[in-house]
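Participant: Listed below are the residues making up each chain.
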Amino acid sequence: MKTLDPIAVKQITKVNWAPFYLLGPAALLMAMFLLGPLLAVLGLSFTDYQLGAKSLNWIGFENFIELYHDKNFWRSLRNTALYSVVVVPTSVLLGLGVALLIEAQKSFKDFYRTIFFLPVMATLIAMAISWQFILHPSFGFLNLLLKEFGLQGHNWLRTEGLALWVLAAIGIWNQFGFNMVLFLAGLVSIPRHLYDAAAMDGASTALERFRLVTWPLLGPVTLFVVVITAIRSFQVFDTVAILTKGGPSKSTEVLLYTMYAEGFEFFKSGYASAVTIVFLVIVLALTLIKTRYLEKRVHYV
Amino acid sequence: MSSIVIQKISKSFGVTSVLKDLSLTIKDGEFVSLLGPSGCGKSTLLRLIAGLDVAEQGSIVVGQHDVTRLPPKARDLAMVFQSYALYPHLSVYDNIAVPLRMRRLNAWQRLPGVRLFSRVQQKIEREIRQDILEVAATLGIQALLPRKPAQLSGGQRQRVALGRAMVRKPEAFLMDEPLSNLDAKLRVHMRSELSQLHRTLGATFLYVTHDQAEALTMSDRIAVMMEGAILQYDTPDEIYRNPSDLRVAEFVGSPRINMLQGWVCEGRLEVSETARKQLENSYLDLSVEAPHGLGVVVAFRSEQCSLVSAGQSALQGVVTHLENLGSETLVHVRTKQAKDPIIVRIAAQAPRVQLGSLVGVSLAMLPLVFSEHGPRLSAKTGWQDALQTASALAFEAA
Amino acid sequence: MFSRTLRHVVLLLLAAVVLFPFIWMVLTSLKPPEEIYVDHIRWLPDRMYWIENYTRAFTKAPLAQYLLNGVIVTVSIFLLQVFVNLPAAYALSKLRWKGREFVFGLVLACLLIPPHAVAIPVFLLLHQLGLLNSYASLILPWTISVFGIFLMRQFFMTVPDDLVDAARMDGISEFGIVWRVMLPVAYPALTAFGIFSLVAHWNDYFWPLIAVNEQALFTPPLGVVHFRNDDAGTDFGALMAAATVVITPLLVAFVFLQRRFVQGITMTGMK
Chain H
15 MKTLDPIAVK QITKVNWAPF YLLGPAALLM AMFLLGPLLA VLGLSFTDYQ LGAKSLNWIG
75 FENFIELYHD KNFWRSLRNT ALYSVVVVPT SVLLGLGVAL LIEAQKSFKD FYRTIFFLPV
135 MATLIAMAIS WQFILHPSFG FLNLLLKEFG LQGHNWLRTE GLALWVLAAI GIWNQFGFNM
195 VLFLAGLVSI PRHLYDAAAM DGASTALERF RLVTWPLLGP VTLFVVVITA IRSFQVFDTV
255 AILTKGGPSK STEVLLYTMY AEGFEFFKSG YASAVTIVFL VIVLALTLIK TRYLEKRVHY
315 V
Chain R
93 MSSIVIQKIS KSFGVTSVLK DLSLTIKDGE FVSLLGPSGC GKSTLLRLIA GLDVAEQGSI
153 VVGQHDVTRL PPKARDLAMV FQSYALYPHL SVYDNIAVPL RMRRLNAWQR LPGVRLFSRV
213 QQKIEREIRQ DILEVAATLG IQALLPRKPA QLSGGQRQRV ALGRAMVRKP EAFLMDEPLS
273 NLDAKLRVHM RSELSQLHRT LGATFLYVTH DQAEALTMSD RIAVMMEGAI LQYDTPDEIY
333 RNPSDLRVAE FVGSPRINML QGWVCEGRLE VSETARKQLE NSYLDLSVEA PHGLGVVVAF
393 RSEQCSLVSA GQSALQGVVT HLENLGSETL VHVRTKQAKD PIIVRIAAQA PRVQLGSLVG
453 VSLAMLPLVF SEHGPRLSAK TGWQDALQTA SALAFEAA
Chain Z
2 MFSRTLRHVV LLLLAAVVLF PFIWMVLTSL KPPEEIYVDH IRWLPDRMYW IENYTRAFTK
62 APLAQYLLNG VIVTVSIFLL QVFVNLPAAY ALSKLRWKGR EFVFGLVLAC LLIPPHAVAI
122 PVFLLLHQLG LLNSYASLIL PWTISVFGIF LMRQFFMTVP DDLVDAARMD GISEFGIVWR
182 VMLPVAYPAL TAFGIFSLVA HWNDYFWPLI AVNEQALFTP PLGVVHFRND DAGTDFGALM
242 AAATVVITPL LVAFVFLQRR FVQGITMTGM K
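Just so you know, the protein sequences line up as chains H, R and Z, in that order. Going by our numbering, the first sequence opens with residue 15, and the numbers climb by one from there. Going by our numbering, the second sequence opens with residue 93, and the numbers climb by one from there. Going by our numbering, the third sequence opens with residue 2, and the numbers climb by one from there.
Please note that a few of the clues may not be correct.
If you want the footprint, here are the derived chain R segments under chain Z, 3+ residues with CB under 8 Å [what the hints assert, rightly or not]: (1) 120-132; (2) 191-197.
Which bits of chain Z does chain R cover? Going by a derived footprint, with three or more residues having C-beta under 8 Å, they are [claimed, not checked]: (3) 158-167; (4) 171-178; (5) 182-188.
Note that these hints are calculated values from the structure, not bench results. Quick reminder that beta carbons are idealized off the backbone N, C-alpha and C, glycines included.
Could you put the whole structure together from the sequences, leaning on the hints where they help?
Facilitator: Shown next, in the form of structure tokens:
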């Protein structure tokens, strides 16, 4: 008679411990670095805590009231909105346009796709420094190029009316490749025979085909791309931090930079948390739109 | 090799009770099939025996060991899945090696790379190799050992799955519809291979299937299950010839058993749309031990009846369909007494029957009688009674 | 015919504009100062100065140290992410237990949280634990990746249940099943996630800026900025060299692993 393997013979217990030890570390880390902090930032926004202070006091909505009266904060919010208003439509349309052009190609698709995707994944900080040099008032390529054509050069990053748009241009350069990839995926999923049907129905030019087939079927993808571009532009930080530091005269001060300055340069944790809450509400609203879309997609796919 | 004894097993999923108070004993070395339609609970029962699920009540004893609360690894049972469940990233050799390595090597030895250093492990690996080659030879899959499952055909994967189960020399084999994913011809071939394997190994096989032909051809005994209960547990012959329940009679046998509606009138069978007089001197002239007025079903197999000219039988009708199988022909006759056409088997050499012609169906032997609720009823012909009485009297007289 | 040429022309022009910062950066890193500080456009260097520029990049700032930090941080983050998040994804996809839907709901809720939003409390927490200004502060907060859990869970759900059962019959423990059965089958998803993780954390500026202020711990983005802010701020040759070095690993990997790259980074959007 065979005896049973003694090591294996441990009874099945009433409680299955596997989920606990498999999820344990993740659950703990989630509490420590995501859920806990989320509640903490909400709580902190109602206090006057500053880093290094011995204690903190509950001050209710005072931070938010101060925020409401803070001209700097409104400037920051406005700049961020302006930045997004420029970056979102431009990078979405550019991404769409390039995707359409590439998709229409028979060859070199991968080549172009690689090139346009490079700005997305190359370290933005490093590339921003390259841009800084290009935009240098004296030795930068841009001003030198304009000089060749007899045009006036500018101090791009130090001029109040220009700096924000320059940053927006860099932002577009950095982001449109990402949108292009998403649009390419969307274009590929449009069934070929719809174009044939459109041709039979009399759509002869590219523009007509676009209006009849491509644009409507890309609808969901477009919405998705718009929302995530909006979310990303609201989170602009790197270029501001290293190229303008919010200047000149706060013309490029953006929401995350304000939060960073208040929280990590002035260490006014309570106040910075209030700024964070505003940031969070905006991004959350946009993210929820995106998630709603993703759910719909999951149901139909 | 061991027996498996299941006592009063109950299992529910949420509020749905799938198995209730089920008991079953499988003898050492037996090939037992769990036969039933989808959803009857046969796979659930198999999983409980394997240890992949835990029952709320009852006990499972394999050989001498009560394994009810033991995890699968400890039960020393092997399972072959319908989808074969081969590890796609491992070669056939490694697939078969997994259960051996899990048992003979400890956690340290199983880490990748350790094999290079440990003398002990190399020895164990050599032993494992021996076992694998032995099993591969039995199944004829030596050439497949270096390949990955994706490169194999369905039948080959089947064999690898069997190999993985066999290599451990387990107490018993559990099989969950292993042949369903194969094409028809291969399935028939594999049936005989599995039977032979069973004979060679002398092992206990518990085989789950919804295919009654598989169960009939391969098993020593069949447990017919429906709605979480075992209706009948018997040899294939008995199940086929002596089903204890109408549902068993309906499920087993191809083509389906023929059924007539009737009722009991003062201990005698009445068949719908048929006068008492027409039944006399046929095998439908039955006395039934059942309360007056009870609805009954009279059932007989397609090979237990024959075609006669229309006037010669109470059961007559029009030929609506002919199925020519080559070796025989199945004749479908639509009658007034039966809801579905009666199917009659006639030999290939028999005279041709015309579609649409009027024929009669005559029973060649005593049919089965079931209460409309299911259980089998005892029935005898009136003239058999008379015959017996006469022979008894004659005997006495002599 | 005409439209095809026109398309190529447009695409090539656009490609030129898009590639320009890269090309100019590399070209500048090859030039001597007298060719950089000029008042007209010079394309190619007359004198090759790249040895000097790149040497200065590595000596005036501890560029090698920065790169090493980048490797240590990104690789550690990824390995820890695998170790923490894969078992969690398995428990959420293949095991049945009470509260599973609730926990998965929490995971989904966490997906909505932008990392910047929790920076302040996490910073304060690490400060309390005395972990600021260390590798731990750079690595620890990122080990939990709800995106990773979500992604791997979706892939794990496509693994047939039979396979998991067969593994249990073979005697593999639940923990073993994660590594021996799930991981090999969901391998493509893991590599795509890996690329996303490695690239995202190599490029991250915001968090390292907050978490460390000791030069020896700087990651490549921090290092390059520091280099610029230093007196080397006007040494554009060396600065461009440093920037080139920082993005080179990504570019090289990208060229070879193109498809996986696009997959991985696209998933950030899909989340």
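Participant: State for each hint whether it applies.
Facilitator: Comparing the hints with the structure gives:
{"no.": "1", "hint": "120-132", "verdict": "violated (count 0)"}
{"no.": "2", "hint": "191-197", "verdict": "holds (count 3)"}
{"no.": "3", "hint": "158-167", "verdict": "holds (count 5)"}
{"no.": "4", "hint": "171-178", "verdict": "holds (count 3)"}
{"no.": "5", "hint": "182-188", "verdict": "holds (count 4)"}
Consistency note: the structure conflicts with earlier hint 1 alone.
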